[in-house]
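Residue numbers (the working numbering), protein chains in the order written: chain A, 18 to 316; chain B, 1129 to 1500.
For the record, the hints were derived by calculation from the structure and aren't laboratory data. Among the hints, a few may not be true.
[Stated by the list, open to error] A few chain A positions that, by computed beta-carbon distances, are all more than 10 Å from chain B:
#1 LEU28
#2 GLY138
#3 MET219
#4 THR224
#5 PRO273
#6 ARG277
#7 ILE289
[Claimed, not checked] Short derived list, chain A residues pointing at chain B, Cβ under 7 Å:
#8 GLU21
#9 THR33
#10 PHE36
#11 VAL128
#12 ASP131
#13 THR133
#14 ALA136
#15 LEU137
#16 THR140
#17 SER266
#18 GLY270
#19 GLY274
#20 LEU278
What you are looking at is a predicted structure, and each value in this text was computed from that prediction instead of being measured. A virtual CB, placed ideally from N, CA and C, is assigned to each residue, including glycine.
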Amino acid sequence: MSLESLQDIWLTYQSTVAFIGLNGLLALSVYTTLSCGQLSLAQAGFMAIGAYASTILTFHTGLPFAVNLAVATLLPALVAIPLGLPVLRLKGVFLAIATIGFGEVVRLFFVNLDFTNGALGLTAVPQRTSMWMIYAALGAALFVLWRIRGSRTGHALEAIREDEPAARTMGIDAARYKLAMLALGASFAGLAGALEAHYTYMVSPSTYSFSRVVDMLVYAVVGGTGVFYGPVVGATFLTALPEVLREVSSRIGLAPGPVRLFVNGLVLLLVILFLPEGISSLPRRVRGALQARRRARAS
Amino acid sequence: MNGPVRSLAAAAVALLAFPTLSSAETVKIGGAFSITGNAAAYGAQQKHGVQAAIEDVNKSGKLKGITLELVLEDDGTSKEQGIAVYQRFINKDKVSAIIGPTLSNTASAADPIAQQGKTPVVAVSNTAPKGITDIGDYIWRVSLTEAQVIPSALAIAKAKMGFKTAAVLYGNDDVFTKAGFDVMKAALEAQGVKIVDIQTFATKDRDFNAQLTALKSKNPEFLMVSALVEQAAAIVSQARQLGWNVPIMGGNGFNSPKLIANAGPAADGVLVGTAWNKASTDPVNLAFIAGQKARNNDPDQFCAQAYTGVLVIADAIAQAGMKGGRDDIKAGFEKVKDLSTPLGKFSFLPNRDGNHAAAMQIVKDGKFQILQ
């Protein structure tokens, strides 16, 4: 294969590679709150705050991009703390509904903000995001979550996830841990929002609707929330799948259309049915099956 | 390796390296449409339009020795897939020009990729006033914006009905309805119609009685509505249920057979501006409609615009002296003038937006008919 055709392949799929990284970061933002048993669906709202904040800074100041990204990372966390104080008293579906409410409030705020062109949003955002930034951000997020796991904090989070009253009787300050994880998830989402806005040349409120946060949740669940890298596996799988199917259908001469969507849904269904703990549990399952077979043969 | 085999291999390599020495040149055109997702209804019409146009151009022999080939892809009504499709068209399929994508939102994200890749794009359904052709000199547009359609359609209606006062109702939380309202307000003011009241609603609203009653109490002679198709039918039927019988003119959201299907007889008399005059007896338009009938498709405006997109690219190739390279087509666009299309005589404006006559439709007997 010549160098030129390799370059063409890279150019053809570079956006898919970029979106794998961005969606991975978003999936991790949902995972952080899930890791202490909280189903928060405010992530699209945090993402919008990060995206808009960084874009406004790009348009109206000459600040370096790194400063924009830092603001986009910190601002959602600052918003998450006062939001979390009352909202995290809720549990289960009530928390989910309250956080959906927050996401919608943020979206409608930007719809009505004339300063950012309302529902039209801001277009012609300069492309300042490079591939390495996306993967550096993803790597940093993974590093943080990897360090938390197995630490004192990690054990506390697991305890809260399994049984919150029991964790509290052991002296774990559950409210503080939950708030910290909400803020951490918010900053991941904000950073992803800023990187995406400067990669896709635009921000508009419709990008941050409820369906976006459902996508993030699906990445996390399909990848598996048992391990910290599971959501990234899910995001990789679900972002690449439509493009893989596009390539396959063009090779076999299938006209583009609902068939691709159908196969996409079918694969998703099969994964959820047969790998309820997510794709990241596949190696363990295979290992388990092999061991069981070996044992059966030995006996 | 011995002699004959080696020379055979060399010949094979030479053949592979220079495959296009023959006169039959193929020019690839990428069509990126929303075949699945929210905008799938539009994408299906666009697909029919583009496929028919490619066949018609190839059959006509207008492009001597050049055959157009369509590469169709689905953008899934998403920015993410729209960008992926564009990168595929530019780097893998190596198309000479791109038609699409269906929605303005997708275009804002994907068209900059084509601009960077120096590949000409013809937008056939993006109606957002700003942020499409502004992206750069490779982005051209066939579809008229609402800012182009509404004023000329309103002028037709005003000449016919002679109203002097109007009220406006619009959705203030959606890109298109908000932009449509801005255009309506400007058009009414420019044509000397007094706006007696303005009311708003949100996309999810289903009950418009409060707003309609408020507007009715001001007794305007004309009502303009900027709404998506989902709300359009409800607004029209609720206005008629209130016993309010003023003429209603809608924006682009009303431009759908769904309006008539959902509002039933209440839709009778509703006015909608359109970029495509389907009653035009121009031979190009008649041939276009006959071609769509043969494909078992009932064409709408989106179909006619997509068809025109291909005609414009074909004309650009001809104008460039039968050359189908990316920059040849871009240069050719500048020379497209008064081209006969189903939309009428088509030319580009200096800012690369399209220009042709708009028309006014009225719903009569459960069908859109042209208000003559």
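Indices of hints not satisfied (ascending)
Hints 1, 2, 3, 4, 5, 6, 8, 12, 13, 17, 18 contradicted; others consistent.
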